[in-house]
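Listed here are the chains, written in short residue letters.
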Amino acid sequence: MSLDAAVRVRRGTLDLDVGLEIADGEVLAVLGPNGAGKSTLLRVVAGLLRPDAGRVAVDGAVWDDPAGGVHLPPHERALGMVFQDALLFPHLSVLDNVAFGLRTRGVRRPAARQAAGRWLARVGLEGLGDRRPDELSGGQAQRAALARAQVGDPALLLLDEPLSALDARTRLTVRAELRRHLAEFAGSTVLVTHDPVDAMALADRVVVVEDGGVVQAGTPQEVSRAPRTDYVARLVGLSLLPGTGAGTSVHLDGGGEVAVAEETSGPVFAAVRPESVALYLSRPDGSPRNVWPARLVGATPHGATVRCELAGAVPLVADVTATAFAELGLVPGAEVWATVKASEVAVYAR
Amino acid sequence: MRNRRSGVPAPLLIPASLGVAFLVLPLVGLLVRAPWGSLWSQLTAPGVGTALRLSLVCATAATLISLVLGVPLAWVLARSRARGRSVLRALVTVPLVLPPVVGGVALFLVLGRQGIIGRRLYETAGITIPFTTPAVVIAETFVAMPFLVISVEGALRAADARFEDVAATLGADRWTTFRRVTLPLVAPGIAAGSVLCWARALGEFGATITFAGNFPGTTQTMPLAVYLALQRDPEAAIVLSLVLMAVSLGTLLLLRDRWLGRSGAGIAA
Numbered sequence: 000m001s002l003d004a005a006v007r008v009r010r011g012t013l014d015l016d017v018g019l020e021i022a023d024g025e026v027l028a029v030l031g032p033n034g035a036g037k038s039t040l041l042r043v044v045a046g047l048l049r050p051d052a053g054r055v056a057v058d059g060a061v062w063d064d065p066a067g068g069v070h071l072p073p074h075e076r077a078l079g080m081v082f083q084d085a086l087l088f089p090h091l092s093v094l095d096n097v098a099f100g101l102r103t104r105g106v107r108r109p110a111a112r113q114a115a116g117r118w119l120a121r122v123g124l125e126g127l128g129d130r131r132p133d134e135l136s137g138g139q140a141q142r143a144a145l146a147r148a149q150v151g152d153p154a155l156l157l158l159d160e161p162l163s164a165l166d167a168r169t170r171l172t173v174r175a176e177l178r179r180h181l182a183e184f185a186g187s188t189v190l191v192t193h194d195p196v197d198a199m200a201l202a203d204r205v206v207v208v209e210d211g212g213v214v215q216a217g218t219p220q221e222v223s224r225a226p227r228t229d230y231v232a233r234l235v236g237l238s239l240l241p242g243t244g245a246g247t248s249v250h251l252d253g254g255g256e257v258a259v260a261e262e263t264s265g266p267v268f269a270a271v272r273p274e275s276v277a278l279y280l281s282r283p284d285g286s287p288r289n290v291w292p293a294r295l296v297g298a299t300p301h302g303a304t305v306r307c308e309l310a311g312a313v314p315l316v317a318d319v320t321a322t323a324f325a326e327l328g329l330v331p332g333a334e335v336w337a338t339v340k341a342s343e344v345a346v347y348a349r
Numbered sequence: 000m001r002n003r004r005s006g007v008p009a010p011l012l013i014p015a016s017l018g019v020a021f022l023v024l025p026l027v028g029l030l031v032r033a034p035w036g037s038l039w040s041q042l043t044a045p046g047v048g049t050a051l052r053l054s055l056v057c058a059t060a061a062t063l064i065s066l067v068l069g070v071p072l073a074w075v076l077a078r079s080r081a082r083g084r085s086v087l088r089a090l091v092t093v094p095l096v097l098p099p100v101v102g103g104v105a106l107f108l109v110l111g112r113q114g115i116i117g118r119r120l121y122e123t124a125g126i127t128i129p130f131t132t133p134a135v136v137i138a139e140t141f142v143a144m145p146f147l148v149i150s151v152e153g154a155l156r157a158a159d160a161r162f163e164d165v166a167a168t169l170g171a172d173r174w175t176t177f178r179r180v181t182l183p184l185v186a187p188g189i190a191a192g193s194v195l196c197w198a199r200a201l202g203e204f205g206a207t208i209t210f211a212g213n214f215p216g217t218t219q220t221m222p223l224a225v226y227l228a229l230q231r232d233p234e235a236a237i238v239l240s241l242v243l244m245a246v247s248l249g250t251l252l253l254l255r256d257r258w259l260g261r262s263g264a265g266i267a268a
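As they're listed, the protein sequences go chains A and B.
Numbering that gives the first Met the number 0 puts the first residue of the first sequence at 0, with every later residue one more than the last.
Numbering that gives the first Met the number 0 puts the first residue of the second sequence at 0, with every later residue one more than the last.
Treat the hints as calculated values from the structure; they're not laboratory data.
Errors might be hidden in some of the hints.
Beta-carbon label-pair distances, calculated as ranges [to be verified]: (1) A:E75 x B:P187: 30 to 36 Å; (2) B:S85 x A:E75: 40 to 46 Å; (3) A:P65 x B:Q113: 28 to 34 Å; (4) A:E75 x B:T49: 54 to 60 Å.
None of these values were measured; they are calculated from a predicted model.
Here a beta-carbon is modelled for each residue, glycine too, at the ideal position from N, C-alpha and C.
Throw the hints in and build the complete structure from the sequences for me.
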């Protein structure tokens, strides 16, 4: 139940060109900003949209091959799909919604309903089968949608932003349940999301898609530790500084210089965590090798800290406590000095 | 105080009131002038029952034909990506604005005994369409079907097409999706369209009298009977009009309570 896909689609301003390979039982997250082409990619795999070029194969069976004139219609593909909104059929009971995928595949009504009932129990909706979809909460509806997608034992599960329509608290519980379900699911899963937490919590591997192309792929840990684009860096809360390594310092592409602990050479990224940046009103004395003048351009409260955006030769994001922020009397436009220990700067090849 | 609250300015209020009066007074007049004393004997007069029955049968038949042909047509207009779709929509809605008499003439030219199709029918099968009960049904369908098509197309456009995507990923082919998902989703629109279509067919006059004539028992529907009665027996015309008005009002109430109002939330539960 592996997926092997190379998808090329042009739609308006979108030029999507993405390759995916997923092994049995693996969960792949496709992470990217809105408009990157993630949902288009999923619609192609589902057969709802024909690719302009490329190939989609599952377990060696070709589902899409435009060059060879192959296009398996969506209803003949062994897959289940969950959309951002649960999209339960409003004219059917919850139980009949879940049974729908079995009824279309020729299972008789009593047997289909029995199987649907078992699935409802598995997603924690036992006894709610007689309800109308509009009588369910958002979280319950999304669980029912998950049961509906899985009832036919699909080879492939496609999840299109399955948690983003839920409120924050519901999202936590549904995410935890989804994690449990995906662990039990034998087939492959593609999860499309713009939320890095979903990707990190649910996926075995992450593919980052921006502007229709893959910009980074790896395990969630690899991607969050060493982001390769500003988008991912912002998502995981890092300042990403591209430059050229020379010994224990990095000459940034935007001017400026960063001292690092390890010897490097060639094109590299230097990544700085916001909590390792300290701010001063005057140039601090003492040991830190990285001291840069900067200007505060933005400040947003972020829990007990204030996230400060700094402009200058070395653009950084700094987290300072709310108390420190008040004591320093920081206002947007203020001139400050930022320091980072060389040992706190992560550096890796571009 | 009520006026101030609802905030209707006088320049709007006066014409609006006149408009209401203009629409309602004729109906009131009909009720006032009705020969209530002889109502029952008029209603049970031989011609009335026949005309009413013929009207109901023909309007229902026209609505059924419109459903069978019109719902698929609405689907094509709403969902297909064929190139000539806007032209097709314009053609389909022409009968909405066409004077019904013109429609009757057009039907005559095509299906009449000397018509393009009518002549073949007559020569090969000996079938004559004009001035028969089927001609009434055809004329009513021609005039009324666009109401159903427009109504159902609107419902299809308003329905979330993503439900059809969901059905496809659940193993439903396009036909199954249409039957099990699309049709139930637009059922209220189909119902409303059917009622509109039926009411329009029931009141059809121009195309019917042109294409089907005015023969009691076979083609004389209620509107034709009313028109004829007005010339020789105005009281009978009033009684027949009352019957038609009652049927129309009943239809309107049915439409509002069952499908349009949705205020009775108990129905959904």
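Is it true that E75 (chain A) and P187 (chain B) lie within 30 to 36 Å of each other by Cβ?
-> 32 Å, holds
Has the hinted range 28 to 34 Å been met by the Cβ atoms of P65 (chain A) and Q113 (chain B)?
-> 54 Å, violated
Is it true that S85 (chain B) and E75 (chain A) lie within 40 to 46 Å of each other by Cβ?
-> With a Cβ separation near 33 Å, S85 (chain B) and E75 (chain A) fall outside 40 to 46 Å, so the hint is violated.
Pairwise beta carbon distance, E75 (chain A) to T49 (chain B), judged against the given window 54 to 60 Å | For T49 (chain B) against E75 (chain A), whose Cβ atoms are near 56 Å apart, the range 54 to 60 Å holds.
Comparing the model with each numbered hint stated earlier shows that hints 2, 3 do not hold.
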